[in-house]
Structures are given as structure tokens and as C-alpha cells.
Amino acid sequence: MGMTIAEKILAAHSGHDVLVPGQLIECATDWVLCHEITTPAALRMLEERGMDRVFNPDQIVAVPDHSVPAMNIKAAQMYQKLKSWVQKNGIKHFYDVGRGGIAHVVLENTGLMKPGQTLVSGDSHTCNAGALGTFATGVGSTDLAGAIYAGKVWFKVPETMLIKVSGRLQPGVTPKDLVLEVIKRIGADGANYLVMEWVGEMIDHLDMEGRFTLANMAIEAGGKTGIIAVDDTTRAYMAARGVTPDQYTEYQSDPDAKYKVVIEVDAGATEPTVAYPHIPSNGRVAGSDRIKVSHAYVGSCTNGRISDLRDVARILKGHKIADDVQMIVVPATQLIWKQAAQEGLLEIFVDAGASVSYPSCGACLGMHSGVLGPDDVCISSTNRNFVGRMGDPTAQIYLASPATVAASAIAGFISDPRAYNDTIGTLGKAGD
Amino acid sequence: MPTVHVFARDHINTDEIIPARYLTTDIESELAKFAMEDYDKDFVKRVKPGDIMVTGADFGCGSSREHAVWCLRGAGISAILAPNFARIFYRNAINNGFLALEAQDVAAAFTDGDEGTLDLAAGTLTNERTGQKVAFAPVPPFALEIQKAGGWLEYMRDHMPRDVEAQSLNVVSTEGGHGHAGQAE
Numbered sequence: 001m002g003m004t005i006a007e008k009i010l011a012a013h014s015g016h017d018v019l020v021p022g023q024l025i026e027c028a029t030d031w032v033l034c035h036e037i038t039t040p041a042a043l044r045m046l047e048e049r050g051m052d053r054v055f056n057p058d059q060i061v062a063v064p065d066h067s068v069p070a071m072n073i074k075a076a077q078m079y080q081k082l083k084s085w086v087q088k089n090g091i092k093h094f095y096d097v098g099r100g101g102i103a104h105v106v107l108e109n110t111g112l113m114k115p116g117q118t119l120v121s122g123d124s125h126t127c128n129a130g131a132l133g134t135f136a137t138g139v140g141s142t143d144l145a146g147a148i149y150a151g152k153v154w155f156k157v158p159e160t161m162l163i164k165v166s167g168r169l170q171p172g173v174t175p176k177d178l179v180l181e182v183i184k185r186i187g188a189d190g191a192n193y194l195v196m197e198w199v200g201e202m203i204d205h206l207d208m209e210g211r212f213t214l215a216n217m218a219i220e221a222g223g224k225t226g227i228i229a230v231d232d233t234t235r236a237y238m239a240a241r242g243v244t245p246d247q248y249t250e251y252q253s254d255p256d257a258k259y260k261v262v263i264e265v266d267a268g269a270t271e272p273t274v275a276y277p278h279i280p281s282n283g284r285v286a287g288s289d290r291i292k293v294s295h296a297y298v299g300s301c302t303n304g305r306i307s308d309l310r311d312v313a314r315i316l317k318g319h320k321i322a323d324d325v326q327m328i329v330v331p332a333t334q335l336i337w338k339q340a341a342q343e344g345l346l347e348i349f350v351d352a353g354a355s356v357s358y359p360s361c362g363a364c365l366g367m368h369s370g371v372l373g374p375d376d377v378c379i380s381s382t383n384r385n386f387v388g389r390m391g392d393p394t395a396q397i398y399l400a401s402p403a404t405v406a407a408s409a410i411a412g413f414i415s416d417p418r419a420y421n422d423t424i425g426t427l428g429k430a431g432d
Numbered sequence: 433m434p435t436v437h438v439f440a441r442d443h444i445n446t447d448e449i450i451p452a453r454y455l456t457t458d459i460e461s462e463l464a465k466f467a468m469e470d471y472d473k474d475f476v477k478r479v480k481p482g483d484i485m486v487t488g489a490d491f492g493c494g495s496s497r498e499h500a501v502w503c504l505r506g507a508g509i510s511a512i513l514a515p516n517f518a519r520i521f522y523r524n525a526i527n528n529g530f531l532a533l534e535a536q537d538v539a540a541a542f543t544d545g546d547e548g549t550l551d552l553a554a555g556t557l558t559n560e561r562t563g564q565k566v567a568f569a570p571v572p573p574f575a576l577e578i579q580k581a582g583g584w585l586e587y588m589r590d591h592m593p594r595d596v597e598a599q600s601l602n603v604v605s606t607e608g609g610h611g612h613a614g615q616a617e
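Note that the protein sequences, when read in sequence, are chains A and B. Just so you know, our numbering puts 128 at position 128 of the first sequence, and the rest follows in order with no gaps. Just so you know, our numbering puts 532 at position 100 of the second sequence, and the rest follows in order with no gaps.
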């Protein structure tokens, strides 16, 4: 019987030739990604059990990103715990404040995580790395502790959902709109426990940045991970980071691989989509209702990449954001921040009246640097709009593409970015 | 006798169970003070040790924070029954030896504040007010083994690597739940 990419990667990491969904395996982790919120708990668990060791300091990547720069003393202590552990154990890949940014986006760009590998992290958006043809999934602190200790994690081999995307996105429509449309269709638990494998003409033509956005949002449909097969786009992305095909393994799903469910989407029919409160599956076409916003946020591991910032800059250039809107733009990493500065994007943001902040998860999960107050209404390029996600439980969060956020910030209410189609050119081109 | 707390809505997420503003601690007794705060501020005042929660589907969706399991256990909750659980919450429950049990339409069988009796051997939660018994899927063998060991880390430390693969998470179970049998034809 044929196997999917996910099944093949898991088989290769658990000493099996063949795996079937439902089987329990002990899977080797090539990489463990650690940030300062869930890692300190894992370290405490290991210490309490006399299991305080690291399976391999060269296979751990540590990036403080949630509550940095520290917004209070407790956050500073979490950061200290991560850093002192890094120093004590000689963790090789540490991206400190000022040298890193949001962990998932830092990692994708390093070239460390290669196609065919496995990754776990104590963070639900770990699925982001699946865009590189890897098996990457989020776990809790106990699993994280086990992975740090032994480089192993247990998995029940998941079934796979195949998402076939035909056609091409229309001007003003981005991968974020596509994934919000898919989640709208299948529901916020539509892929619970499943791998979401993306294929089709649209995917073939999609740059890596857009692929990361698709894979990143798998968890918002309950997915175990998102995954996209290696192709020339992936190879070129790795090559630009000094990694050649002889250094990694490419897996493709077999023609007779078994899928739990197949979803077909026409990219050409996808419209700018906004997920209304309080669940990511609550999608409607941007601008279908007149919804006044008080806040606009661009950033996160989902949509804080250079192509996202370029989209925002194309729309904001020569405009001012509405007087009563507070806009924050957060480049996802230091490298993206620098590139945005070099390209003059940050100047466009500032001229438009937006605040540009340090790379961090920050306001996306309501920790700091833009927390929402009671009854605030935010249009956001982030990934989750649950009650209380970005701050006060009465705040309303609308999820959208960076382009929709920019168009809405100018208008002061949620707006369709296609109104700018004549001036903005093609959206979402990463051009790495 | 345990009180049953009803949270009937589907997709109750980790931001509601334990908001991110409290994630600067991982101490269970600290987290317990804020359990379910953004859903129901008074829950922590009503809950007592040994109590049971019954909820809608996809309980625990969202972030990977294990704090969601810890805060509920810390608040006294001994078991949660739901039609199904979000994936990471479910594995966090297993890794902690915490009872997350799959039961169809369980929330509809209770009014908040009813008393309930959990019978693990029989696989039922009984509503002591109405007499109605709600069946839940058996705890998967692997989850029981982890519980017996005291948690995943103890299991990992004490067992040979291959022991995991002799185990199973598959049980005759509720539709769409985690425990559904793999399609291993």
C-alpha cells in the first residue's frame, strides 16, 4: 500500500519500512525548538526527576520570543531560565534577543531544518516548518522535556487530509486568504489529528513564504501538521541557505497513498477572507460588513515575513492610517527587520502613522507590546481570534491577510484590499 | 460526591482555559487560581477537589500550553468528558495521567451543578439527579500505562525504547474522537 509523505518521514524516524495510521511509534526528533514560555516548565520537570540532561546540544535550537524583550520581572526570569540552561548545556543554536525573533521564522530561515526531518517544539505553530517537506508538530512541556532528554517523542501515526488547490490566486488575494477559506470550509477541528498535505497548481507556483503561512495555520484546523512536498522552490530556498540536495532526503506521497479525506479548492475563486470573532473558521469576504476597527496588527509567525511587509507597504505608501486606528507592524525576525529597513518599508510604515516594534510574539497572544483593552476591535494578520487571545476577553479580533489589514487601517473599517489592485502590483512575492 | 461542571460550548480553547497573561508561571497551584477565567470567572470559586467537567467538542483547541491541563487539575478537576479533544490538549492529558474521556453528547446529559459518579471500570458517568448513565470510550491501553508509570517522563525513563510500540491508543470509540481505530486495512 502506498504511503504519504508524513507516513514516510515517520517511518524513517522510527525504524520502520511501513507505517499505517493509528500505529503508535517512538519517533526520533532531528530538532527540538525551545522558547522561554514552555521550556522552563520542561526543564523543571527534568530536574525534579533527576533527568536533567540534553540528548544532543547540537540538535536543539533555542529562541526566546514570546515575552521578550521582557515586559516584567517574571518574564525576565523565564528568559533567564532558558538562557542559563543554554549556557550550562552548550546548546549550539541560540538566537538571543537582538539576534533572533519569532522562533518558527528564525528556524525556517537558518537552513538547519532540512526536508525529510522531524521537529517538535512546545508551541502549537511548530507545524510551520512542514512547508519544507518536514514533519513538524507542536507538543506540551512534558513531551518537550522527553524530547530534550532523549530526542524521542511518541506519536500515533496520523491520517492525512489532501488539499488540492487548482488555479491561481487573483490579484489582492494571498495564501492567508486561501487558508482561512479552507478552515472556514472544514471547521476549526476539521483536521483534528490529521496531517494537512497541500498540492496542486497553486501550490506549485507558490513561493516558500506563502507555503509557510499555509503550513503554519494547520493547527487552526486542529491539524497535527501541514506539509508540502519538496520541489524546485524548496530546493532553491535551501540552496540559498547553503544546503544542497545531497544533505537531505526528499519524500513524495505515493500515487496510491491513502487519504482520510480529499478537499478541492479553486484558488481563482478565493476572495480576501476575514475570520470574524471568535474562531478562525468564521470566515467572510473582506468588506462584506462595515466593521469599524480601533487596532490593526501586522506580524506573527503566520504573516510577519518580508513578503507580508512588502504587501503592507505597497498599500500604505502615500497614505495615512485612519486617525482613530492604532497600527503596529512587527517584522518576524531581526533579519526581516533589517531587510525591511533597507528596502525603505519601515519608513513607509512610520510615515503612514504605524508603530514598528521589536520581533516578538508579543500582542499576538496578548502578552505585551499591543495588548487589546476592553471592546477594542483589531484587524490582525495573526493566527487566532479566540476570546481573550490578544488581551481583554471583550476585545474583538478579526483575522486577515497583511494586505487586508493595511487596507482596513487606512479606511478605519474592514476593507477589501482589491481596491488597491491597480497600484499595488502582485502581492505576496517573496523573491528570495 | 463530585459536582459536574457543564461547559457546553464547542471549541473551548486554551486562551479561555488559561489566558497567556498567566503563563509566566508553571506552578500548578498558582495556575489553578485562574482556571477558565475568560470563560467563567466564578468557576474557581465553585470547583472543589474531585469535581468533573463535561464540555462540548474540540475541548482544549489552540495553543500547546500544558498549563491548560495543570490549571484544571490544580483547581481540583479529576476528569473531563467531551465528545472529542483537540490533539495537543489530549496528548498533554495522557502525558500527565489526567483523565480526558470521550463521550458523545455528554454535556446535554447534565445541568451545571448536578452530582455525578464516574465508574472507570464500567466506562460510565452517572447523573445522580436523573439517573442517566453516559458511556465514555475506554481509556486507551497506552494512556493507562503512562498513568501507571506516573507520567510520560517516568514511562520513558523506566521502559525500554520499544515498549511504546507494543502499546495502542486505539479503542472502540466515539466517532471522530482520538481513540478511533486506525484505518489499518
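Just so you know, these hints were derived from the structure itself, not from any lab. Just so it is clear, the structure is predicted and the values come from calculations on it, not from any experiment. Even glycine gets a Cβ: it sits at the ideal position worked out from N, Cα and C. Please note: incorrect hints may appear among the correct ones.
Far from chain B, by Cβ distances over 12 Å, these chain A residues were calculated [unchecked claim]:
1. S14
2. G22
3. F94
4. V139
5. D143
6. G167
7. T244
Below, simulated BS3-like cross-link-like pairs (lysine-lysine); rule was C-alpha separation at most 25 Å, straight line [as the list claims (entries may be wrong)]:
8. B/K465 with A/K81
9. A/K74 with B/K473
10. A/K88 with A/K184
11. A/K320 with A/K292
12. A/K92 with A/K81
13. A/K292 with A/K92
14. A/K260 with A/K184
15. A/K74 with A/K164
16. A/K74 with B/K580
17. A/K152 with B/K580
18. A/K88 with A/K74
Satisfaction of hint between A/K81 and B/K465, Cα-Cα up to 25 Å: With Cα atoms ~24 Å apart, B/K465 and A/K81 stay inside 25 Å; holds.
Given pair status - A/K184, A/K260, alpha carbons within 25 Å: The hint holds at about 19 Å.
No chain B beta carbon within 12 Å of A/S14's: violated, 8 Å
Restraint check for A/K74 with B/K473, where alpha carbons must lie at most 25 Å apart: Distance ~23 Å between A/K74 and B/K473 Cα, so the pair holds.
Distal placement of A/D143 relative to chain B, Cβ over 12 Å: violated, 6 Å
A/K74 paired with B/K580 [C-alpha distance capped at 25 Å]: Judged against 25 Å, a Cα distance of about 34 Å means the pair is violated.
A/K152 paired with B/K580 [C-alpha distance capped at 25 Å]: holds, 20 Å
Holds or violated: A/K292 to A/K92, with C-alpha atoms at most 25 Å apart: Violated. A/K292 to A/K92 sits at ~47 Å, over the 25 Å cutoff.
Pair hint A/K74 and A/K164, alpha-carbon separation not exceeding 25 Å: violated, 46 Å
Minimum Cβ distance from A/T244 to chain B greater than 12 Å, as the annotation requires: holds, 32 Å
Closest CB of chain B to the CB of A/G22 still more than 12 Å away: violated, 1 Å
Status of A/G167, Cβ more than 12 Å from any chain B Cβ: holds, 30 Å
In summary, the structure is inconsistent with hints 1, 2, 4, 5, 10, 13, 15 and 16 from the numbered list given earlier, while agreeing with the others.
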